[in-house]
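Asker: Given next are the chains, with one letter for each unit.
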Amino acid sequence: MIRENPFVYYGKKLFVFLLSLFILSLAVFFISRLAPGDPLVSYYGDRVEKMSVEEREWAENKLGLNESLPVQYGRWAKNALCGDFGISYKYKMEASEVIGERIGNTLVLGGIGFLLTFVLALGLGILCAYYEDKWLDKLLCRVGTITSCIPEFWLSLVLILIFSVNLNLLPGSGAYSIGNKDDFGDRMLHLVLPLAVVVINHLWYYAYMVRNKLLEEVRAEYVLLGKAKGLSKRKIIFRHCLRNIMPSYLSLMAISVPHIMGGTYIIETVFSYPGIGKLATESARYKDYNLLMLICLISGAVVILCNIIAQIINERIDPRMRESRHIEEGEVAENGK
Amino acid sequence: MSDILKIENLSVNFRSEDGESEVVRGVSFSLKSGETLAIVGESGSGKSVLAKSIMKLLPHNAYIKEGEILLNDIDITSYTERDMQKLRGSVLSMIFQDPMTSLNPTISIGKQIAEAVRLHSPKMKRADVKSRVIELMELVGIENAEERYNLYPHNFSGGMRQRSALAIAIAQNPAILFADEPTTSLDVTTQLQILDLLRDIQKKLGMAVVFITHDLGVVARIADRVAVMYSGKIVEIGTAEEIFYDPKHPYTWGLMKSLPSFAEKGKELYTISGFPPSPGDLPKGDAFAPRNEYALRIDYEEMPPMFKVSDTHYAATWLLDSRAPKVLPPVRRDMNV
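These protein sequence lines map, in sequence, to chains A and B.
The first sequence begins at 82 in our numbering and counts up one residue at a time.
The second sequence begins at 10 in our numbering and counts up one residue at a time.
Each hint should be verified, as a subset may be incorrect.
Derived DSS-like pairs (lysine-lysine); straight-line CA-CA distance at most 25 angstroms [as the list claims (entries may be wrong)]: (1) Lys317(B) / Lys293(B); (2) Lys95(B) / Lys316(A); (3) Lys134(B) / Lys120(B); (4) Lys316(A) / Lys335(B); (5) Lys74(B) / Lys132(B); (6) Lys143(A) / Lys173(A); (7) Lys314(A) / Lys120(B); (8) Lys293(B) / Lys314(A); (9) Lys134(B) / Lys316(A); (10) Lys65(B) / Lys314(A); (11) Lys132(B) / Lys314(A); (12) Lys65(B) / Lys215(A); (13) Lys132(B) / Lys95(B); (14) Lys266(B) / Lys314(A); (15) Lys15(B) / Lys41(B); (16) Lys294(A) / Lys120(B); (17) Lys293(B) / Lys274(B); (18) Lys219(A) / Lys143(A); (19) Lys65(B) / Lys316(A); (20) Lys213(B) / Lys266(B); (21) Lys95(B) / Lys15(B).
To be clear, the hints were calculated from the coordinates, so they are not data collected in a lab.
Modelling step: build the complete structure from the supplied sequences, incorporating the hints.
Answerer: Structure, rendered in structure tokens:
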């Protein structure tokens, strides 16, 4: 097989990426505007109720809401291409600035949650595979199935009830206590419960995947030869099997980034954690169009990017592609026999 | 020569949802150091399971029901996995049928052999390990070993892979090598090369080989002694000469008659009619009786014991009882296999 020119290969991926973003922006723009609700509420608050018809018209004109939808989209797209995503109606400042303030919090929660899930799932999967069908594996499988079925909003509420309301051990909302913005320890304490929910919710899904992939691998014939030469089960799992499932695990985890990120959006809302997830729910609720557009585009970009990365990893590790690259060496080996 | 391996009345059962099936039934044989014993039988006759049960490489659902495995007069039947790890590779070793799957696809050939070298001598220096690996690769007939050290299994042809697997198996000079149909998946010329190589190495290292195969042609080329298995039992055992020139069991006759070299020109190749019984549902009496043209009434009633033909030759058929009618074997004595 002839390998594609890398410029063409990545160019195609980039095109898909941009096209998907364009379609996403169209969808979000029209759906959000066709959905019921009054964007003026988000800008003027309760005063909207007392506004006269003229005042409303003036306000709509000011925010550019009185034109037809395609014209509005055209104007938004033109500005967006120049890097201007408009102002947030609620915060009265650049939407990108509002997000800039919060995105760090989300990255901390999502990032640590993702890494914890990634590492713990691997460990748990190996543990289950090692003790296949022993009581530990059976117990973990059952507990895991149950925990992964608990909805995250409910789990969040229960954890808040237990650990912050009843036991008063951990804070149940926000990212830091008032006045402690720069206190690292305080921030960490605030992260414990949201992180616990992120991890508990996603852990088993991935651990089970690792377990099953390993068990498939353990049944491969090379494991028998490894045992026949005197390797212990532990060495076989760590040196041989794990190595063989890592590529597919990595590509799986790349796909899982949006999955885990979506989870943090809900968790942020329940924990009133000031990240872009909470911002997203707020802006959708109050028709803060510009903010909503930008958040959707950023989230969408992450999702599409992660899928493309997963796709690239997958194509790279496909043994048939490796085979084709080595075909000449293989023939040499055959002839030299 | 003394017996290094002695198997006494070994039975291996498989558990399944439909109940137990007896795959190896009361097998006894012994192996002298340096000799080659071929175990011949159809697929499903339990020959491979027999070897794996001695190596303790049985699948989860199989277990040794009764019997003894004596290695150098030490009973290893109840050895734990940890005890077996010390024996595997250094005393007992094994190669498998399919060299395509018995090597780990993601680790280079050199490293896979090095792993076996280092296993029982962990203090060996890196350079010494490498030179030992190259020595082994040359011993099994891999040319340009130094260059091929870093190649992967998929760069190698089937024959080269089987050579690599053999290098792994003999890395620690085992006393006994189990070869589980090592040439079945190879083409005919490669088959002969591997067989000659195996003989050659066996002489150099003085190891005993238990060669499992369904191919009598292969047996003639390599075996000192032959055991014929049917439905989990050894039905006839003797020196290669005795089995080939003076077979006593009707099943051995059938196997001989179905060899292409025995067929008369222009006539169809002989086949033993019918199928072997399922190990979960064995008939009463001799399991071969329903397919046996020479079956006596007692064959359907009672399992024949091992009748002694000579000090080295035994066969389990009622035809050898003094009261049985004399049957002339249908296989020519001067047969050239």
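Asker: Would you mind marking each hint as holding or not holding in the structure?
Answerer: Results for each hint:
1. Lys317(B) / Lys293(B): holds (23 angstroms)
2. Lys95(B) / Lys316(A): Given that 25 angstroms is the threshold and the Cα spacing comes to 14 angstroms, the pair holds.
3. Lys134(B) / Lys120(B): holds (14 angstroms)
4. Lys316(A) / Lys335(B): violated (59 angstroms)
5. Lys74(B) / Lys132(B): violated (39 angstroms)
6. Lys143(A) / Lys173(A): Holds, because 13 angstroms separates the two Cα atoms, which is no more than 25 angstroms.
7. Lys314(A) / Lys120(B): holds (18 angstroms)
8. Lys293(B) / Lys314(A): Violated, because 41 angstroms separates the two Cα atoms, which is more than 25 angstroms.
9. Lys134(B) / Lys316(A): Status holds; Cα separation ~20 angstroms.
10. Lys65(B) / Lys314(A): holds (13 angstroms)
11. Lys132(B) / Lys314(A): holds (21 angstroms)
12. Lys65(B) / Lys215(A): holds (19 angstroms)
13. Lys132(B) / Lys95(B): holds (16 angstroms)
14. Lys266(B) / Lys314(A): violated (45 angstroms)
15. Lys15(B) / Lys41(B): holds (9 angstroms)
16. Lys294(A) / Lys120(B): holds (24 angstroms)
17. Lys293(B) / Lys274(B): violated (39 angstroms)
18. Lys219(A) / Lys143(A): Status violated; Cα separation ~63 angstroms.
19. Lys65(B) / Lys316(A): holds (18 angstroms)
20. Lys213(B) / Lys266(B): Roughly 35 angstroms separates the two Cα atoms, so the pair is violated.
21. Lys95(B) / Lys15(B): The hint holds at about 19 angstroms.
In this structure, the earlier hints numbered 4, 5, 8, 14, 17, 18, 20 are contradicted, and the remaining ones agree with it.
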